[in-house]
Amino acid sequence: MSFSVIMSKMGSGYFNAMAIFVFTIIFSMPLGMVVAFGRMSKNKIIQSISKFYISILRGTPLMLQLMVVFYGPFYLFGANIDGFRFPAVIIGFSLNYAAYFAEIYRSGIESIPVGQYEAANVLGYSKRQTFGLIILPQMIKRILPAVTNEIITLVKDTSLAFAITYQEMFTVGKQIAASQTTIMPFFIAGVFYYVTNLVVAFVMEKAENKLAYYR
Amino acid sequence: MEVLKINHLRKSFGDLEVIKDISLTVNEGEVLSIIGPSGSGKSTLLRCATMLETMDRGDLIYLGEYAAKDDQSGSKYADANSLKNIKGYFGLVFQNFNLFPHYSVLRNVMDAPVRVQKKDKKDAKKHAMELLDRMGLADKADYYPYQLSGGQQQRVSIARALAMNPDILFFDEPTSALDPELTGEILKVIKDLAASHMTMVIVTHEMSFARDVSDKVIFMDKGIIVEEGSPEKVFSSENERMKEFLKRFNG
Ligand SMILES: Nc1ncnc2c1ncn2[C@@H]1O[C@H](COP(=O)(O)OP(=O)(O)OP(=O)(O)O)[C@@H](O)[C@H]1O
Ligand SMILES: [Mg+2]
Numbered sequence: 001m002s003f004s005v006i007m008s009k010m011g012s013g014y015f016n017a018m019a020i021f022v023f024t025i026i027f028s029m030p031l032g033m034v035v036a037f038g039r040m041s042k043n044k045i046i047q048s049i050s051k052f053y054i055s056i057l058r059g060t061p062l063m064l065q066l067m068v069v070f071y072g073p074f075y076l077f078g079a080n081i082d083g084f085r086f087p088a089v090i091i092g093f094s095l096n097y098a099a100y101f102a103e104i105y106r107s108g109i110e111s112i113p114v115g116q117y118e119a120a121n122v123l124g125y126s127k128r129q130t131f132g133l134i135i136l137p138q139m140i141k142r143i144l145p146a147v148t149n150e151i152i153t154l155v156k157d158t159s160l161a162f163a164i165t166y167q168e169m170f171t172v173g174k175q176i177a178a179s180q181t182t183i184m185p186f187f188i189a190g191v192f193y194y195v196t197n198l199v200v201a202f203v204m205e206k207a208e209n210k211l212a213y214y215r
Numbered sequence: 001m002e003v004l005k006i007n008h009l010r011k012s013f014g015d016l017e018v019i020k021d022i023s024l025t026v027n028e029g030e031v032l033s034i035i036g037p038s039g040s041g042k043s044t045l046l047r048c049a050t051m052l053e054t055m056d057r058g059d060l061i062y063l064g065e066y067a068a069k070d071d072q073s074g075s076k077y078a079d080a081n082s083l084k085n086i087k088g089y090f091g092l093v094f095q096n097f098n099l100f101p102h103y104s105v106l107r108n109v110m111d112a113p114v115r116v117q118k119k120d121k122k123d124a125k126k127h128a129m130e131l132l133d134r135m136g137l138a139d140k141a142d143y144y145p146y147q148l149s150g151g152q153q154q155r156v157s158i159a160r161a162l163a164m165n166p167d168i169l170f171f172d173e174p175t176s177a178l179d180p181e182l183t184g185e186i187l188k189v190i191k192d193l194a195a196s197h198m199t200m201v202i203v204t205h206e207m208s209f210a211r212d213v214s215d216k217v218i219f220m221d222k223g224i225i226v227e228e229g230s231p232e233k234v235f236s237s238e239n240e241r242m243k244e245f246l247k248r249f250n251g
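Those protein sequence lines, which keep their order, are chains Z and V. All the letters of the first sequence, read from the start, carry residue numbers 1 to 215 under our numbering. All the letters of the second sequence, read from the start, carry residue numbers 1 to 251 under our numbering.
Bound-form chain V, shown alone:
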């Protein structure tokens, strides 16, 4: 089943065309990694997919439902109610966590299920505690975000996203704000999620991680997809831009 489908996405900021005709599909249980040089439009792509930015052109489809449909003059978004519903299909993990500092760890994780999904408080709490336990943070439930390390904060933010039971989870450079020694713990969490068949789209600069965890890799440069396919195919690509990009990572 196609969880996410993007057709012919275009996005400009003023005169700067950041995404130039990108199409992609993510199937259920699939892990897609997006790699590419800084400024190539990876975050913008993710922000369009999660509706933090509006698309100029193209379709955005979740589980067969159109969030945005291209109608020759531009992307037309669905009505507020449909969009609210579609928002329930995905979650996003930010580079800098964006936890709510005035909420305890537990409340960060259970608040949206209660307030947005109108879940029963008890059930939401139980689910939140299970997720925190899975993240190895059960003993930190009553802490506040500022009392946690970056890696722990990022695990809370992953738990917060998972608490909404999303069909697909987006990550925008989830380890870039972390000290190198904390990167591993987050990558492990994501690998565990992949092993449990969570559908994910991950923007990352961790090449070996992308190679390990992905079913599919997209290499973006200057707003277009330069190379895509299995990790084996993309990482052994003969494309000049791809080779040059990889050379910088392999030193």
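The following block holds chain Z by itself, in its conformation from the complex:
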């Protein structure tokens, strides 16, 4: 197998890894907000469900969760799961990352001084306005470093999709390495992950700088 063939296979693996990355961000960040609200809900039942959700999703390996999501329908209902590999990856990753984002959001929201709510209340802002205009912007600034951490972890975690042999970069690399007895694919994968995270760190730093206009 020539270098260019290896590179093109790795490239398509990289593309698939980025698909996981992008879709997971798109779904898990909003879902995390829902879970965070549930976690902070005054309704004890909703609160307990959210707490339970977070504790399960954070307390068990993502790899295991991917396998449950993918193989579960087959073992439980005998469902045909042939075309389900990619959706299963996205569902598994999104559910898992939502739990982490939920806790980040919660800590961010709870760190905003109660005086901000009170000032908004007395000025007559509605609950919705208070959250959207006063709390959310300040929360985003505070959680950005933690979110950066989570996103960088996600880039590397895409490799866990190998658990259900989804053809992302690491899975592809392993297959090539085994068939061609070379470790070059691992080096290539390492460089790809690293460069991607350099870009992530750069973008997030720009975002942080953009919000550095106030304290």
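The hints are simulated quantities; they were obtained by calculation from the structure and are not laboratory data. Be a bit skeptical, because a hint or two may be false.
Stated by the list, open to error - Residues from chain Z that face chain V, not an exhaustive set, calculated with beta carbons under 10 Å:
1. Val122
2. Leu123
3. Gln138
Cβ coordinates follow ideal geometry from the N, Cα and C atoms, glycine included.
Position chain V with the ligands relative to chain Z; hints supplied.
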């Protein structure tokens, strides 16, 4: 005209009864100061009046409109729409300002008039600039709160409250978070407001200020009004608790 009327207010936190039957009236153009030892319930009284706390018992009436009405079992609050309307009657200045740190000084002052009162942006901005000018902060309009001194921040928060054109303005120890040398500038602003007949309720530990600026003074202790009346009357009271309280201020 009675801008604010509170009848038989009671408020407990758990087993702790913090306000035990307090009634008061504030007329238009009047300045009422509330003094008393720490923990006597002054902030709680103000927070009930501004609806940051819910009252257990009693009436809360602004300009003849009931925000809360006592009906034997407890204070019943008006519907959300009426309360929203009533909220427009008062403003509150906090001890620690509570400015919005992500908004510029100008936006802090003009945002609520635009978003809450749906005022025209241009008019709101013009009004905000006038208020900032009156506070001596016209040149700070584009600053952010963290770039200002405590005294300047407090003046912004007064401008923010005034921008809503309230009928009555509450202050909870507006100078307590400030260095002594910055206290004077805030007291002067409040005196100017009094001179322009702004109706105000001020919780303060600044006794000579209270004596100067108030039409009426209330001395609270342990959740009740111990003494009330003109500053002359209250500050020369023969009441033991009042005398003891004042002794600590006069050293
Ligand atoms: N949210 C709350 N939960 C429980 N107790 C409270 C709460 N708010 C106030 N208290 C208690 O109520 C009492 C009165 O407090 P309040 O803040 O009204 O006093 P204050 O007169 O404003 O005192 P200071 O001069 O120190 O500001 C205190 O004993 C306080 O601990
Ligand atoms: Mg107080």
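To see whether the hints hold, each was checked on the structure:
1. Val122: 5 Å, holds
2. Leu123: 4 Å, holds
3. Gln138: Cβ of Gln138(Z) sits 6 Å from chain V, so the hint holds.
Consistency with the previously given hints is maintained throughout, with no hint failing.
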